[in-house]
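The primary structure of each chain is shown beneath.
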Amino acid sequence: MAWWTRPLIRLLVALAIPLAIPALITAILWTLPGDPAEIICPREICDGTDALAERWNLHRGPVWFYVHWLTSALGGDFDSSWRVQQGVPVAELLWESLPTTATLVLLALGVLLLGAVLAALGWLPRALDPLWQAVGLAPAVILALYCAARIEISHGALSHSGWPATLRLLMGAGVLGLADGALAAAITGTRATFEAEARLRYVQMARLRGESVLVNTLPNVLPALVGQLRARVLHILSGTVVVEVVMGIPGLGEMLFDGTLSQDFGLVLAAAWAFSLMSAALLLLQALVEVSVALWVRRSPAGISGVLQGEPGPAVPGPGEAV
Amino acid sequence: MRRALRWFWLTLAVVLLVGLLAASAAAPEFLSVPRPDRAFLGPLAAPPFGNDNRGIPLLEIALQGADIVAIPSLISGLVVMGLATAAGLVRCSGATWLDGAIQGASELVGALPRLVVILVVALLLPRDWRVLLPIGITWAILAAPGAMDEAAATAGRLGGERFVEALRAHGFSSARIYLYHIVGLNLRPVIVRQGAEVTMQVVFLEIALSYLSLRRNEPSLTHPDSSYSWATLLYQGYTGLLGYEMLHALWLGLALVAWIALLAQSIRLAARAR
Numbered sequence: 001m002a003w004w005t006r007p008l009i010r011l012l013v014a015l016a017i018p019l020a021i022p023a024l025i026t027a028i029l030w031t032l033p034g035d036p037a038e039i040i041c042p043r044e045i046c047d048g049t050d051a052l053a054e055r056w057n058l059h060r061g062p063v064w065f066y067v068h069w070l071t072s073a074l075g076g077d078f079d080s081s082w083r084v085q086q087g088v089p090v091a092e093l094l095w096e097s098l099p100t101t102a103t104l105v106l107l108a109l110g111v112l113l114l115g116a117v118l119a120a121l122g123w124l125p126r127a128l129d130p131l132w133q134a135v136g137l138a139p140a141v142i143l144a145l146y147c148a149a150r151i152e153i154s155h156g157a158l159s160h161s162g163w164p165a166t167l168r169l170l171m172g173a174g175v176l177g178l179a180d181g182a183l184a185a186a187i188t189g190t191r192a193t194f195e196a197e198a199r200l201r202y203v204q205m206a207r208l209r210g211e212s213v214l215v216n217t218l219p220n221v222l223p224a225l226v227g228q229l230r231a232r233v234l235h236i237l238s239g240t241v242v243v244e245v246v247m248g249i250p251g252l253g254e255m256l257f258d259g260t261l262s263q264d265f266g267l268v269l270a271a272a273w274a275f276s277l278m279s280a281a282l283l284l285l286q287a288l289v290e291v292s293v294a295l296w297v298r299r300s301p302a303g304i305s306g307v308l309q310g311e312p313g314p315a316v317p318g319p320g321e322a323v
Numbered sequence: 324m325r326r327a328l329r330w331f332w333l334t335l336a337v338v339l340l341v342g343l344l345a346a347s348a349a350a351p352e353f354l355s356v357p358r359p360d361r362a363f364l365g366p367l368a369a370p371p372f373g374n375d376n377r378g379i380p381l382l383e384i385a386l387q388g389a390d391i392v393a394i395p396s397l398i399s400g401l402v403v404m405g406l407a408t409a410a411g412l413v414r415c416s417g418a419t420w421l422d423g424a425i426q427g428a429s430e431l432v433g434a435l436p437r438l439v440v441i442l443v444v445a446l447l448l449p450r451d452w453r454v455l456l457p458i459g460i461t462w463a464i465l466a467a468p469g470a471m472d473e474a475a476a477t478a479g480r481l482g483g484e485r486f487v488e489a490l491r492a493h494g495f496s497s498a499r500i501y502l503y504h505i506v507g508l509n510l511r512p513v514i515v516r517q518g519a520e521v522t523m524q525v526v527f528l529e530i531a532l533s534y535l536s537l538r539r540n541e542p543s544l545t546h547p548d549s550s551y552s553w554a555t556l557l558y559q560g561y562t563g564l565l566g567y568e569m570l571h572a573l574w575l576g577l578a579l580v581a582w583i584a585l586l587a588q589s590i591r592l593a594a595r596a597r
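Chains as they are written, first to last, in our numbering: chain G, 1 to 323; chain R, 324 to 597.
Heads up, a few of these hints could be off.
Claimed, not checked - Simulated restraints, written as ranges between beta carbons of each label pair:
| hint | chain 1 | residue 1 | chain 2 | residue 2 | range |
| --- | --- | --- | --- | --- | --- |
| 1 | G | P125 | R | P357 | 26 to 32 angstroms |
| 2 | G | A134 | R | E352 | 36 to 42 angstroms |
| 3 | R | G427 | G | G110 | 30 to 36 angstroms |
| 4 | R | G342 | G | G87 | 47 to 53 angstroms |
Claimed, not checked - If you want the footprint, here are the derived chain G segments under chain R, 3+ residues with CB under 8 angstroms:
| hint | segment |
| --- | --- |
| 5 | 6-17 |
| 6 | 213-222 |
| 7 | 237-251 |
To be verified - A few chain G residues that don't get close to chain R, going by computed Cβ distances all over 12 angstroms:
| hint | residue |
| --- | --- |
| 8 | L32 |
| 9 | S72 |
| 10 | D77 |
| 11 | L256 |
Quick caveat, the hints were computed from the structure, so don't treat them as lab data. Note that beta-carbon positions come from the ideal geometry of N, C-alpha and C, so glycine has one too.
Start from the sequences, fold in the hints, and give me the full structure.
What follows is the structure, encoded as structure tokens:
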């Protein structure tokens with residue numbers, strides 16, 4: 001497989017995801033038995049299904065609905081919320097909740113990055129691995145429940161503003177970082193990647209020359225690390241729904257869940273699309289890192305250029321082995 | 324020593340699994356009539372686990388919770404195992420176009436935040452279909468790319484197509500090579516571990532979704548209103564943390580979570596490579 005194949009696949013998938021998510025939802029909607037308008041809003045809880053179908057462009061078939069929704073979404077128009085906050089534009093709700101979720105995800109990512117960096121530098125003893133794994137066995141809902149109780153016991157009814165709200169965010173990030181094996185996977189995954197690379201011959205030769213192992217291995221393991229990082233961010237994004245609802249953090253995940261419970265189809269579709277854009281951005285980032293590293297390795301970086309010219313071949317990986 | 328340990332984990336896994344299935348089979352269709360005079364009683368006053376805030380025995384809720392999760396979670400685990408096995412076998416069969424197609428599809432499916440997709444599926448499912456099985460299977464399909472990738476990588480490390488050719492040269496039949504040598508001896512630890520993990524994740528997913536619905540005082544996305552999930556125990560136990568006499572429900576809920584975690588761990592350890 002050529003070095004550019006994987007980044008190209010990622011690029012194509014990144015372009016496809018924002019188109020695929022609404023397409024998939026449209027397909028499911030029309031595949032399920034019954035009228036799509038009644039599936040979105042069943043007659044027992046909705047009246048005026050026909051008017052709803054017309055307003056949502058459901059009456060002219062799946063292709064019309066899909067094209068119309070996507071065109072509006074690309075223009076930033078997601079219509080208004082039906083139930084969660086009736087009449088409020090969905091775009092406004094998305095913009096309000098996005099910063100909170102972004103902060104939560106970044107803080108949680110900080111926990112994982114710290115673990116990964118310490119593991120890469122060899123500063124985290126291997127003996128502690130069972131501890132991370134044991135903590136990671138706890139599901140997010142349990143840890144979030146405990147943290148929510150701690151905050152409500154210590155701050156009571158005033159715990160949704162000021163410092164207690166910040167504390168909710170910090171503890172939520174801690175939960176996302178620790179629960180469901182996230183930190184354990186970050187530590188063991190990073191360490192295993194570096195160890196596997198360090199066993200290769202070119203690293204052993206570099207070590208004999210007195211060069212840093214980290215400097216030699218990092219370019220080659222970077223794409224794999226970024227791939228792991230993408231998986232972790234997706235894991236965190238998924239977990240935000242649970243953590244935000246249990247801990248009362250007003251973010252995108254909480255909005256998505258409320259929309260699901262109250263059958264607010266427009267809100268759910270928009271929130272799911274926002275999540276798909278984030279996922280696409282992560283894929284693009286991974287593709288970019290892969291291409292940059294591949295080009296950098298092929299330009300023979302300064303650290304190993306002398307070896308390329310002065311030493312016999314096997315010590316340095318060829319272009320095909322670069323990643 | 325390793326053999327003895329393997330037998331220990333295998334026995335434990337079987338005991339825990341049989342326990343889960345037995346609890347599911349013993350679950351009552353409906354809970355007992357509430358008895359407010361026996362509400363909040365602890366395990367000593369109302370054995371074996373005490374009563375909830377309406378005087379209903381927690382044992383009945385625990386059994387109903389087991390009934391909600393047992394079969395759907397096991398089926399979801401089997402779906403992942405099936406898909407991972409297929410990916411491993413495709414890598415060994417030398418069908419490069421199929422291998423490439425699987426990788427492309429895995430990339431697309433693996434790029435989606437799972438809980439977001441689950442919520443969209445839950446929204447679209449008609450109310451009568453809102454049980455754990457479709458949600459669990461969706462989760463299994465979303466978890467499959469990781470499992471398939473790992474199984475395919477394991478098969479690739481064996482040598483892929485060359486491994487099959489080498490065994491053919493020894494005179495083994497295709498069925499024996501694929502089912503025994505590849506799946507039974509080499510892929511087993513990976514696919515069993517992935518299956519056990521997904522089984523555990525689906526149970527935890529049910530608890531999480533039911534707990535979130537309880538917090539919003541809305542019908543659950545995973546079971547009918549007439550039955551009660553293990554999340555009910557955690558929800559009532561949470562009030563114990565806030566001062567009500569319901570801590571025994573929290574301990575029971577946590578014990579059930581630990582049961583499932585231990586089940587997954589014991590299956591994983593029993594299936595470890597020799």
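Comparing the hints with the structure gives:
Separation of P125 (chain G) from P357 (chain R) is about 53 angstroms and departs from the stated range, judged on CB atoms against 26 to 32 angstroms. For A134 (chain G) and E352 (chain R), the Cβ-Cβ distance of about 37 angstroms falls inside the hinted range of 36 to 42 angstroms, so the restraint holds. Range check, G427 (chain R) to G110 (chain G): about 33 angstroms between beta-carbon atoms, so the 30 to 36 angstroms window is met. The beta-carbon spacing between G342 (chain R) and G87 (chain G), approximately 51 angstroms, falls within the hinted interval of 47 to 53 angstroms.
Coverage of a stretch by a chain is defined here by at least three residues with a beta carbon nearer than 8 angstroms to that chain's beta carbons; for the segment 6-17 of chain G and chain R the count is 6, and the condition holds. Here's how the segment 213-222 of chain G fares: 0 of its residues keep a CB closer than 8 angstroms to some CB of chain R, so the rule of at least three is not met and the hint is violated. With a threshold of 8 angstroms between beta carbons, the proposed coverage of the segment 237-251 of chain G by chain R holds, since 7 of its residues qualify and at least three are required. With a minimum CB-CB distance of about 7 angstroms to chain R, L32 (chain G) fails to clear the 12 angstroms threshold, and the non-interface call is violated.
With 12 angstroms as the threshold on Cβ separation, the claim that S72 (chain G) sits away from chain R holds: the shortest Cβ distance comes to roughly 18 angstroms. At roughly 20 angstroms from the closest C-beta of chain R, the C-beta of D77 (chain G) stays outside 12 angstroms, upholding its exclusion from the interface. Its beta-carbon lying about 6 angstroms from the closest one in chain R, L256 (chain G) breaks the requirement of being farther than 12 angstroms from that chain.
The earlier numbered hints that this structure contradicts are 1, 6, 8, 11.
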